[in-house]
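Hey, can you work out the whole structure from these sequences and the hints?
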Amino acid sequence: MSLAAQVIDLQKDYMLGAVPVQALRGVSIDFPRGDFVAIMGSSGSGKSTLLNLLGALDRPTRGKYIVGGRDVSSMTDDELSTIRNEKIGFIFQSYNLIPQYTVLENIEVPLHYRTGYPKIGDREQQRIRELAEMVGLGDRLDHRPFQLSGGQQQRVAIARSLVNDPEIILADEPTGNLDSKTEQEIMEMLLRLNREGRTIIMVTHEPAVARLAKRQIYMKDGVIAGEGVFPG
Amino acid sequence: MSNILRTVQLALKSLMLHKLRSGLTMLGIVFGVFSVIAMLAIGEGASQQAQKQVLQLGATNIIVRSVKPPRENASAQNQNSFVLRYGLKRADYDLLSRTIPTVLQAVPIREITKACRYLHREMNCRIVGCTPEYLDMNHLELAQGRFISDKDRREKTNVCVLAAQTAEELFQYQDPIGQSVKIADRRYAVVGVTSAREASAAIGGSMSGQEYNKDIYIPLETMRVRMGDLDIDRRQGSFSAEEVELNQITLTISDVDQVVPTAGVIRESLQGTHKSGNDYSVVVPQELLKQAAQIRTIFNVVLGSIAAISLIVGGIGIMNIMLATVTERTREIGIRRALGAKRQDITTQFLTETIVLAGSGGLIGVLLGLSTPLVFQGMKSVAEQFFFESGGGSEFSEMFSNLNPQVVPASLPLAFGISVGIGVIFGLYPARSAAQLDPIEALRHE
Ligand SMILES: Nc1ncnc2c1ncn2[C@@H]1O[C@H](COP(=O)(O)OP(=O)(O)OP(=O)(O)O)[C@@H](O)[C@H]1O
Ligand SMILES: [Mg+2]
Numbered sequence: 000m001s002l003a004a005q006v007i008d009l010q011k012d013y014m015l016g017a018v019p020v021q022a023l024r025g026v027s028i029d030f031p032r033g034d035f036v037a038i039m040g041s042s043g044s045g046k047s048t049l050l051n052l053l054g055a056l057d058r059p060t061r062g063k064y065i066v067g068g069r070d071v072s073s074m075t076d077d078e079l080s081t082i083r084n085e086k087i088g089f090i091f092q093s094y095n096l097i098p099q100y101t102v103l104e105n106i107e108v109p110l111h112y113r114t115g116y117p118k119i120g121d122r123e124q125q126r127i128r129e130l131a132e133m134v135g136l137g138d139r140l141d142h143r144p145f146q147l148s149g150g151q152q153q154r155v156a157i158a159r160s161l162v163n164d165p166e167i168i169l170a171d172e173p174t175g176n177l178d179s180k181t182e183q184e185i186m187e188m189l190l191r192l193n194r195e196g197r198t199i200i201m202v203t204h205e206p207a208v209a210r211l212a213k214r215q216i217y218m219k220d221g222v223i224a225g226e227g228v229f230p231g
Numbered sequence: 000m001s002n003i004l005r006t007v008q009l010a011l012k013s014l015m016l017h018k019l020r021s022g023l024t025m026l027g028i029v030f031g032v033f034s035v036i037a038m039l040a041i042g043e044g045a046s047q048q049a050q051k052q053v054l055q056l057g058a059t060n061i062i063v064r065s066v067k068p069p070r071e072n073a074s075a076q077n078q079n080s081f082v083l084r085y086g087l088k089r090a091d092y093d094l095l096s097r098t099i100p101t102v103l104q105a106v107p108i109r110e111i112t113k114a115c116r117y118l119h120r121e122m123n124c125r126i127v128g129c130t131p132e133y134l135d136m137n138h139l140e141l142a143q144g145r146f147i148s149d150k151d152r153r154e155k156t157n158v159c160v161l162a163a164q165t166a167e168e169l170f171q172y173q174d175p176i177g178q179s180v181k182i183a184d185r186r187y188a189v190v191g192v193t194s195a196r197e198a199s200a201a202i203g204g205s206m207s208g209q210e211y212n213k214d215i216y217i218p219l220e221t222m223r224v225r226m227g228d229l230d231i232d233r234r235q236g237s238f239s240a241e242e243v244e245l246n247q248i249t250l251t252i253s254d255v256d257q258v259v260p261t262a263g264v265i266r267e268s269l270q271g272t273h274k275s276g277n278d279y280s281v282v283v284p285q286e287l288l289k290q291a292a293q294i295r296t297i298f299n300v301v302l303g304s305i306a307a308i309s310l311i312v313g314g315i316g317i318m319n320i321m322l323a324t325v326t327e328r329t330r331e332i333g334i335r336r337a338l339g340a341k342r343q344d345i346t347t348q349f350l351t352e353t354i355v356l357a358g359s360g361g362l363i364g365v366l367l368g369l370s371t372p373l374v375f376q377g378m379k380s381v382a383e384q385f386f387f388e389s390g391g392g393s394e395f396s397e398m399f400s401n402l403n404p405q406v407v408p409a410s411l412p413l414a415f416g417i418s419v420g421i422g423v424i425f426g427l428y429p430a431r432s433a434a435q436l437d438p439i440e441a442l443r444h445e
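In order, the protein sequences belong to chains A and B.
231 is the number that numbering that gives the first Met the number 0 gives the last residue of the first sequence; the numbers go up by one with no jumps.
445 is the number that numbering that gives the first Met the number 0 gives the last residue of the second sequence; the numbers go up by one with no jumps.
It is worth saying that the hints were derived from the structure and are not from the lab.
In this text, a Cβ means the ideal position worked out from N, Cα and C, and glycines have one as well.
Some hints could be false.
Not close to chain A: a few residues of chain B, all C-beta gaps over 10 Å, as computed [to be verified]: (1) A58; (2) F81; (3) R153; (4) S253; (5) G358; (6) V407.
One side of the interface only, derived from the structure: several residues of chain A facing chain B at Cβ under 10 Å [as the list claims (entries may be wrong)]: (7) I65; (8) E107; (9) V108; (10) R159.
Following this line, the structure appears as structure tokens:
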């Protein structure tokens with residue numbers, strides 16, 4: 000099975016004044032295509048730091064991160080933007096929709112930043128509508144985020160993460176702000192995406208949610224403390 | 000970007016989120032752009048006005064007019080007499096027409112306002128004692144009959160030529176030619192009628208506007224023998240008498256370049272004969288162009304400063320608001336970066352918003368600018384009420400009240416372009432600082 004992404008001895012230092020904080024101290028994992036990984040661990044263990052690196056939002060201090068056959072650690076800022084736009088879909092705990100935009104416009108945003116800025120035509124508009132319908136918001140296309148519930152906002156975020164058809168979906172506590180019923184709906188959606196072949200890497204604090212993934216990784220103090228199929 | 004229209008549309012959307020704020024931010028640009036257009040319109044109006052007057056009065060003409068001296072002076076001079084003597088003398092006419100070689104032609108006139116009658120109809124007319132040259136000199140045309148002739152002058156005949164409105168009011172549907180009009184108890188045979196003519200504007204304090212339509216023209220010599228130089232006025236229970244020999248002498252100069260030097264010679268000559276120096280004035284139409292240039296300069300300085308200050312203050316206001324916007328929307332910037340926006344995309348986005356903001360202000364300013372003539376009319380009536388008292392004709396106030404701003408078409412795209420330029424200049428820094436934000440930090444921003 001080919002790899003969607005691979006990290007090799009990944010390290011990340013933050014400078015707090017003159018003192019370096021080692022948020023990641025050498026992480027190595029392979030993510031095969033179609034994987035569904037839940038990352039767990041106590042607060043401050045480096046989960047979000049790892050996810051940000053996987054999302055090409057930042058470069059590692061040392062080590063390699065290979066995605067789409069290329070090493071991200073040596074890329075320019077613009078190249079990182081392109082990786083984020085084409086290869087990765089983000090889902091955040093706090094949804095992160097653009098408040099002045101409607102559902103349709105929010106889903107459209109990643110299309111504005113495609114390489115070469117191709118025109119957003121009828122085909123794209125059609126795809127945006129299909130995605131909105133797929134996440135169950137076909138009747139809310141012109142609503143703005145403040146008119147939607149948390150669960151609905153997260154569905155918009157899921158539709159948005161899919162618009163450029165990325166290989167990898169990164170989710171940092173995607174159900175952290177939701178009740179258990181909505182949590183279940185969102186998880187079902189992620190599971191469906193995974194069944195369709197997308198690689199999903201998700202940070203979560205909840206064992207019940209982590210159990211739904213194919214495998215779980217436990218982090219502690221910036222390294223991987225354990226790994227296995229739940230309950231492992 | 001190939002999606003410019005969409006970018007502008009989304010920029011508008013973000014700006015509409017804070018309508019009041021965006022509106023207030025635009026004000027500086029609105030006034031700045033308006034001032035630019037108004038400045039050019041007023042300058043254009045002033046020079047068009049001057050050019051029109053010069054054309055009307057003749058570029059090679061010099062007009063010398065009698066002016067009633069201020070009252071205090073007059074009473075001191077004529078303490079023992081009821082009669083106020085002032086103005087140009089026939090001797091002045093002889094002097095000017097004979098001794099200055101560059102003067103081609105000198106045309107004297109005398110004006111008195113009198114009641115004129117035909118049958119039972121009566122009206123007050125300006126009786127103009129003149130010579131045959133008067134017709135061409137004032138661009139008058141005959142509708143009927145003939146004008147005053149040299150023979151009329153020599154023989155001091157009692158003939159008259161009526162202006163269009165005079166003829167209409169006195170004769171209505173009757174043919175005036177061959178009839179006679181009664182002026183000051185004497186009858187004058189009507190020999191011609193002139194066509195209606197647009198009134199000429201007043202010029203710089205020394206020459207009041209001339210209507211031409213309520214005139215009656217008679218030979219200058221006839222006027223002298225029939226009416227004399229004395230003009231007695233018994234209106235409103237008071238009695239006043241004025242003795243004026245000539246009201247105006249229009250001199251035509253041989254060459255355009257000689258006009259200004261000749262005006263100097265004329266002023267000098269008249270200073271010799273009029274010791275008080277305040278009972279005549281010399282109007283040089285060509286000098287009106289200089290006056291227009293002065294007015295233009297005044298408005299350029301005043302409105303130019305307003306424009307510059309408004310635009311700079313407006314630009315700083317826009318920059319300030321955009322910096323606040325960037326802080327306020329830091330999270331949005333983080334989101335966009337996570338979704339693949341490059342630094343340049345963020346710069347473009349915020350720069351577009353600033354340009355749309357400034358450009359909208361510019362557009363409103365342009366619309367306001369189109370209404371410059373209207374706004375100016377309003378300003379004028381206010382200014383006339385508060386500053387220049389009615390009739391107090393300083394040269395500037397008269398120029399001012401005759402001024403009609405002309406919007407210069409090229410100034411519209413120019414002013415709009417300036418507003419867009421302001422958007423670029425003052426939007427660049429906020430947009431760049433937005434682009435420099437770290438994506439992760441921005442995403443975490445509350
Ligand atoms: N920008 C930063 N500057 C300095 N230190 C940082 C920065 N970001 C993270 N850290 C530190 O790195 C470590 C890992 O943080 P991280 O956010 O990855 O933890 P986490 O596992 O996601 O925790 P949580 O479960 O609370 O979200 C923490 O000690 C944190 O203080
Ligand atoms: Mg975290």
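Structure-based check of all given hints:
no., hint, result
1, A58, "61 Å, holds"
2, F81, "84 Å, holds"
3, R153, "90 Å, holds"
4, S253, "72 Å, holds"
5, G358, "20 Å, holds"
6, V407, "39 Å, holds"
7, I65, "19 Å, violated"
8, E107, "9 Å, holds"
9, V108, "5 Å, holds"
10, R159, "7 Å, holds"
Checked against the numbered hints given earlier, this structure breaks only hint 7.
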